[in-house]
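Asks: Chain by chain, the residues:
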Amino acid sequence: DAMVIQNPRYQVTQFGKPVTLSCSQTLNHNVMYWYQQKSSQAPKLLFHYYDKDFNNEADTPDNFQSRRPNTSFCFLDIRSPGLGDAAMYLCATSREGGAYGYTFGSGTRLTVV
Amino acid sequence: GENVEQHPSTLSVQEGDSAVIKCTYSDSASNYFPWYKQELGKRPQLIIDIRSNVGEKKDQRIAVTLNKTAKHFSLHITETQPEDSAVYFCAAGSGTYKYIFGTGTRLKVLA
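As given, the protein sequences belong to chains P and F, one line each in that order. Just so we're aligned: 79 in our numbering is position 79 of the first sequence, and the numbers increase by one with no gaps anywhere. Just so we're aligned: 16 in our numbering is position 16 of the second sequence, and the numbers increase by one with no gaps anywhere.
All clues stand as given, with none of them false.
BS3-like cross-link-like pairs, simulated, lysine-lysine; straight-line CA separation at most 25 Å: (1) F:Lys57 / F:Lys22; (2) F:Lys42 / P:Lys38; (3) F:Lys108 / F:Lys58; (4) F:Lys22 / F:Lys42; (5) F:Lys71 / F:Lys57; (6) P:Lys44 / F:Lys108; (7) P:Lys17 / P:Lys38; (8) P:Lys44 / F:Lys42; (9) P:Lys38 / F:Lys22; (10) F:Lys108 / P:Lys38; (11) F:Lys42 / F:Lys108; (12) F:Lys71 / F:Lys58; (13) F:Lys58 / F:Lys22; (14) F:Lys57 / F:Lys108; (15) F:Lys108 / F:Lys22; (16) P:Lys44 / F:Lys71; (17) F:Lys22 / P:Lys44; (18) F:Lys22 / F:Lys68; (19) F:Lys22 / F:Lys71; (20) F:Lys68 / F:Lys57.
Everything labelled a hint here was simulated from the structure, so no lab data went into it.
Produce the entire structure from the sequences given, and follow the hints as far as they go.
Replies: In structure tokens, the structure reads:
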């Protein structure tokens, strides 16, 4: 089935140790997003790609970076994770055109110790 | 910028009753309004959406209404079942490839 796959489902990292989360999609969607979701809160957009065009949200910390080497893959790099970065990280895709719903991946739950 | 308010934050209903969740948005250019259901520990899933050229859309027990003049839209769930228990998020977008989410409503259906 076409879908959005995130790996790993659970990630434990040490305070300050760089970590990379991955997302792949078989939907051939142009747009890919990274959201951060903390407990009982709405997903918060970190950045999105339209094809290779990168769009950063103004309040996304510099500690967060992203790469999209091709249509299918997108990575979230956290350069120096802090305790406040513990959250669920959701990858999503959508078709171009803007007026379509997202398809979310299952998420990666990040724990910082 | 766009702001989406969602009410109530929690909602408990008896099984078989109806549930209504309301959202208001600030950007008059918004033209797409999806609703997502998120069960505990799982991904948000799109359950219904509406575009600005219609006022109501229905899919079995779920319906969404849109009032563009008042800038609000609502999710209606009829004949609620325990499996409807989840957090529901509304969102609003204007075709710029990103949507602003509401703060979520935790719906609990009591058996």
